[in-house]
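Asks: The chain contents come next:
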Amino acid sequence: MNFFIISLIKTGIVAGAFMTTLAYLQWIERKVLAHIQSRLGPYRVGPHGLLQPLADVVKLLTKEGFVPSHVNHFFYILAPFLAVFFALISICLIPFGPSVEIFGVRTDLGLADINVGVLFVLAISSVGVYGIALGGWASNNKYSLMGGLRSSAQMISYELPMAIALVSPLLLLNDLSLRTIVNEQAGYYLGVIPRWSIFQMPFPQVFSFLIFLISAFAETNRVPFDLPEAENELVAGFHTEYSSLNFAAFFMAEYANMITVTCMATVLFLGGWHPLWPAEYGSDFVPVLLMLGGSAVLLFHGVMQPLKGRPWDRLTMPAAGLAFGAIALVFLVPVLKPILMPVFWFVAKAGVLLFIFIWIRGTLPRFRYDQLMNFTWKFLFPAAIVNLLITAFAVALQGPKN
Amino acid sequence: MDLILFIIFATIAVACGISLVVQKHPIGSALSLIGVMGSLAVLYLLLGAEFIAAVQLIVYAGAIMVLFVFVIMLLNAGEEANKGRSWPSRLLGIPLLTVFLGLLAYLLQRMAPSMGTVTFGAFNVGAKEIGRSLFNHYLLPFEVTSVLVLIAILGAIVLARKEID
Chain X
227 MNFFIISLIK TGIVAGAFMT TLAYLQWIER KVLAHIQSRL GPYRVGPHGL
277 LQPLADVVKL LTKEGFVPSH VNHFFYILAP FLAVFFALIS ICLIPFGPSV
327 EIFGVRTDLG LADINVGVLF VLAISSVGVY GIALGGWASN NKYSLMGGLR
377 SSAQMISYEL PMAIALVSPL LLLNDLSLRT IVNEQAGYYL GVIPRWSIFQ
427 MPFPQVFSFL IFLISAFAET NRVPFDLPEA ENELVAGFHT EYSSLNFAAF
477 FMAEYANMIT VTCMATVLFL GGWHPLWPAE YGSDFVPVLL MLGGSAVLLF
527 HGVMQPLKGR PWDRLTMPAA GLAFGAIALV FLVPVLKPIL MPVFWFVAKA
577 GVLLFIFIWI RGTLPRFRYD QLMNFTWKFL FPAAIVNLLI TAFAVALQGP
627 KN
Chain B
4 MDLILFIIFA TIAVACGISL VVQKHPIGSA LSLIGVMGSL AVLYLLLGAE
54 FIAAVQLIVY AGAIMVLFVF VIMLLNAGEE ANKGRSWPSR LLGIPLLTVF
104 LGLLAYLLQR MAPSMGTVTF GAFNVGAKEI GRSLFNHYLL PFEVTSVLVL
154 IAILGAIVLA RKEID
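If you read the protein sequences in the order shown, they are chains X and B. One gets the working numbering by counting positions in the first sequence from 1 and adding 226 to each. One gets the working numbering by counting positions in the second sequence from 1 and adding 3 to each.
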């Protein structure tokens with residue numbers, strides 16, 4: 227019974243954190259894009275537009291769920307459900323931290339650990355295309371159909387280099403369970419260089435990491451590979467005919483896929499929750515210093531140098547600064563440290579990758595469709611195979627591990 | 004718990020299988036087939052064969068059926084027209100079906116006691132053991148199969164290639 231209660235609590239926490247991240251990822255994306263393009267981004271709803279996600283959700287909820295005529299009703303309704311279901315399910319396999327003791331109860335940070343975790347995530351991501359493809363097909367719209375077709379072709383094609391890029395670190399790490407994979411990446415070379423798979427000998431997996439990341443952009447239909455919803459060609463692609471919550475489901479699925487993919491990259495290539503350098507050299511103080519730095523900047527700008535025309539900054543910025551300082555102090559509490567540190571490092575790595583996703587969206591233009599296909603079949607796929615061969619060769623030369 | 008899950012997913016599999024035959028629209032049939040494969044994967048999982056379950060999902064539901072759905076969408080296949088059955092099929096169909104079902108039931112009844120039963124979680128082998136036996140014990144069949152697949156790919160390319168004049 228104990229197991230069920232703990233699992234229920236963990237599921238609640240992860241689901242809540244995941245949903246909040248989904249909502250705020252969109253806010254962060256709009257803000258980052260805005261600053262890349264010298265704009266302000268969402269600013270009106272709440273301080274610095276912080277309540278914008280809430281407003282968006284309310285707007286989408288209260289909109290009329292419009293069903294166009296001559297659509298295939300069953301599949302039209304089913305498609306967004308499928309999309310969001312397959313997008314949300316993978317998060318239950320991601321390990322966020324080692325097993326810790328909370329109030330005398332020992333438990334893993336993470337929901338489930340199955341011994342073919344990597345394969346399961348691959349399976350879910352390959353089934354995830356149905357939502358988009360069906361949505362495009364059922365809408366009874368040529369543009370939507372084109373979007374659905376493009377997305378299924380693109381996802382089948384990019385699945386290959388992605389899967390092969392995944393195999394190379396697996397050769398080094400010797401297991402399919404995500405928790406064991408992270409545990410295999412513990413430790414440091416020469417006491418400083420972490421044994422993450424992108425640094426791990428005998429063959430560091432930098433290339434397969436890059437291939438994985440590029441394929442991940444295509445798998446999640448993000449710029450520069452967002453051909454399924456290319457606005458200048460296909461109106462809005464596969465979700466042209468959707469409105470209200472159905473549209474929100476597709477939107478949510480995209481962001482959930484993004485988070486899952488970055489978590490997978492973190493687990494497989496960036497060593498999961500292991501810090502960048504050992505705790506002896508003070509990696510435990512990184513979050514404290516980061517938060518204190520942010521707090522200092524906010525306090526300075528709020529109290530000493532308020533901008534003209536933004537009167538509320540005098541109030542909101544010092545308040546946010548104090549909140550940051552309080553978070554910094556939380557990281558210093560010795561009881562919470564073994565729980566918070568791994569989660570911090572995991573979230574930091576995933577967050578950096580998410581920022582790269584957004585950054586690239588603000589930087590690169592969209593590919594042409596034939597370029598997209600040529601790129602994966604003629605460059606990415608052979609590169610992944612060559613990388614796999616070299617890795618296999620290096621591992622074989624090294625001999626069996628212990 | 005295992006038994007309840009088995010009954011649920013076996014029912015889903017059978018229901019999807021019937022719906023696969025009955026559905027008028029090709030997309031509906033394809034999706035029912037995906038349902039069959041998904042519930043089969045769960046049944047494998049109940050037997051403890053996680054690797055086979057994951058591969059079932061990746062290969063069948065994730066790759067082959069996506070291709071099927073893609074082709075159906077690309078050709079924009081419409082609903083099947085109900086042409087009505089010809090008289091020999093009506094005359095022979097029902098007796099033949101009865102005979103077939105009877106034969107199946109008889110054989111199952113004859114064979115079942117001698118085969119023994121399978122328990123849940125019986126095939127609990129990891130991916131490691133499967134890989135080992137695939138590359139040690141069954142190396143030749145494995146390689147021959149891969150050559151077969153390669154030949155099929157070559158054939159497809161030859162058939163699909165434009166004639167070069």
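Keep in mind that a hint or two might mislead.
[Stated by the list, open to error] Derived BS3-like pairs (lysine-lysine); straight-line CA-CA distance at most 25 Å: (1) B/LYS165 x X/LYS604; (2) X/LYS368 x B/LYS27; (3) X/LYS236 x X/LYS563.
Note that these hints are calculated values from the structure, not bench results.
Asks: Against this structure, judge whether each hint is valid.
Replies: Cross-check of the supplied hints:
1. Restraint check for B/LYS165 and X/LYS604: satisfied, since their Cα atoms lie roughly 19 Å apart, inside the 25 Å limit.
2. For the proposed pair X/LYS368 and B/LYS27, the alpha carbon gap of about 22 Å is at most 25 Å, so the pair holds.
3. Only pairs whose Cα atoms come within 25 Å are accepted, and X/LYS236 paired with X/LYS563 is accepted, the gap being roughly 18 Å.
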